[in-house]
Amino acid sequence: MSRIHKVASRSLHMGKLKRGDDLLGAISVICRENNIRLGRVEAIGAVEKATLGYYDQTRKEYDFFTIDTPHEITSLIGNVSLRDGVPMVHAHLTLSDEKGNVKGGHLAPGTIVFACETVIEAFEGLDFNRIIDEDTGLPLWQL
Amino acid sequence: MSRIHKVASRSLHMGKLKRGDDLLGAISVICRENNIRLGRVEAIGAVEKATLGYYDQTRKEYDFFTIDTPHEITSLIGNVSLRDGVPMVHAHLTLSDEKGNVKGGHLAPGTIVFACETVIEAFEGLDFNRIIDEDTGLPLWQL
Amino acid sequence: MSRIHKVASRSLHMGKLKRGDDLLGAISVICRENNIRLGRVEAIGAVEKATLGYYDQTRKEYDFFTIDTPHEITSLIGNVSLRDGVPMVHAHLTLSDEKGNVKGGHLAPGTIVFACETVIEAFEGLDFNRIIDEDTGLPLWQL
Chain A
198 MSRIHKVASR SLHMGKLKRG DDLLGAISVI CRENNIRLGR VEAIGAVEKA TLGYYDQTRK
258 EYDFFTIDTP HEITSLIGNV SLRDGVPMVH AHLTLSDEKG NVKGGHLAPG TIVFACETVI
318 EAFEGLDFNR IIDEDTGLPL WQL
Chain B
198 MSRIHKVASR SLHMGKLKRG DDLLGAISVI CRENNIRLGR VEAIGAVEKA TLGYYDQTRK
258 EYDFFTIDTP HEITSLIGNV SLRDGVPMVH AHLTLSDEKG NVKGGHLAPG TIVFACETVI
318 EAFEGLDFNR IIDEDTGLPL WQL
Chain C
198 MSRIHKVASR SLHMGKLKRG DDLLGAISVI CRENNIRLGR VEAIGAVEKA TLGYYDQTRK
258 EYDFFTIDTP HEITSLIGNV SLRDGVPMVH AHLTLSDEKG NVKGGHLAPG TIVFACETVI
318 EAFEGLDFNR IIDEDTGLPL WQL
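Chains as they are written, first to last, in the numbering used here: chain A, 198 to 340; chain B, 198 to 340; chain C, 198 to 340.
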């Protein structure tokens, strides 16, 4: 059964990341600096290069791969919650190249911003804490 | 001409779906259980397999295809409105594999959750009722 | 360093675009007609054809390419801000074909709606003005 909880919108944060920023790291810093412990995030822009993950559901491990060329960020969708009491950003990305071909995956450190425009909405509500879920091996919310 | 109406945010719902859930079905149940008749939905996560649709604009029919391997959900974007007086979820999906290759389409029943984190925002406003639009053959909003 | 500002939700607008509309143009008209000078936009639907851009980070120029066949809009994510004092929509798109193959890029004029359902959230806050950023060559927010 799904575990869904009501949350409330607390604040909205809009702006740009800087060229050379680590995309995941920069969004994480914004959350920390604004005390965002729960929320949603979205972004578009471009990256100089990227590191993305794919979760192997059988081995229960992330495999990471790099994309070494500039791409548009066609979508970044993610959320903010807690891992070990600290805000953690979980986001997925799609990227497009000069022919419009698209790659995607789980956003990992090593994805470098060329330009990025983001909207982060902070929520209030119960704590969404991530702990390892035995069945999937993933750090999922204990709700 | 576009038909756009003002709506108002009524409530926010955040949480996870369960492994093995039908993705479209589980979101629909959440909407029904929370009396969400209008709104927007987003999600990221992973699926064990997927069934997606492509609308043939000439034949005016959906063609469905299946993706039989695990993929990341790189984006799920959708909305909630009414069809025959009942809440209906309309969502589109992109999925990525272990090489970062991306597939996508109209979310159909048969897409099975491995893990999924969703935010649903319920709106208040006039009824958005879907009825078949003769020109496109699609169930579009009668506004 | 990132430049992030607090904004506030002012209004929500939900509805459909018309078949034959220019996707970017129609969203821009909605923003103008509703006096939306800052905000976020999302959409799903389908296009009859599309023109997308890829920004060449070395030459500092957009390259545009066309997709001449019908596709699903698997995601449209974007924002609204000001360019020369006038609301400007900046959006990125992913599209899928009958096999689920996905293309994407920066939404440009020439992308023609078959059907499109959109949610636009207007924000209040300081002016987000785009001016050419020397480093990237892009019209970025002066914050």
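These are calculated hints, taken from the structure and not from any lab test. Mixed in with the good hints there might be a few duds.
Where chains are identical, the list cannot tell them apart; a pair therefore holds if satisfied intra-copy or between any two copies.
[Unchecked claim] No more than 25 Å apart at the CA atoms, straight line, and that leaves these computed lysine-lysine pairs for PhoX-like:
1) Lys296 to Lys257
2) Lys215 to Lys203
3) Lys203 to Lys296
4) Lys215 to Lys257
5) Lys257 to Lys203
6) Lys203 to Lys246
7) Lys215 to Lys246
8) Lys246 to Lys296
>> For Lys215 and Lys257, with the copy left unspecified, which applies at a CA distance of at most 25 Å: within, between, both, or neither?
In response: between (34 Å within a copy, 17 Å between copies)
> With identical chains treated as interchangeable, where does the CA-CA distance between Lys296 and Lys257 reach 25 Å or less: within a copy, between copies, both, or neither?
Replying inline: Between copies only: 17 Å across, 33 Å inside.
>> Regarding Lys246 and Lys296, is the shortest C-alpha distance of 25 Å or less found within a copy, between copies, in both, or in neither?
In response: both (16 Å within a copy, 15 Å between copies)
> With identical chains treated as interchangeable, where does the CA-CA distance between Lys215 and Lys203 reach 25 Å or less: within a copy, between copies, both, or neither?
Replying inline: The answer is between: 18 Å across copies meets 25 Å, while 34 Å in one copy does not.
> How would you label the pair Lys257, Lys203 (within, between, both, or neither) given a Cα cut-off of 25 Å?
Replying inline: neither (30 Å within a copy, 39 Å between copies)
>> Treating 25 Å as the Cα threshold, decide for Lys203 and Lys296: within, between, both or neither.
In response: For Lys203 and Lys296, neither the intra-copy (42 Å) nor the inter-copy (36 Å) Cα distance is at most 25 Å.
> Are the CA atoms of Lys215 and Lys246 at most 25 Å apart within a copy, between copies, both, or neither?
Replying inline: For Lys215 and Lys246, the Cα distance is within 25 Å only inside one copy (14 Å; across copies 33 Å).
> How do Lys203 and Lys246 come out at 25 Å by Cα distance, when the copy is not named: within, between, both, or neither?
Replying inline: Answer is neither: 37 Å inside a copy and 29 Å across each miss the 25 Å cutoff.
The structure fails to meet hints 3, 5, 6 from the earlier list, while all remaining hints are met.
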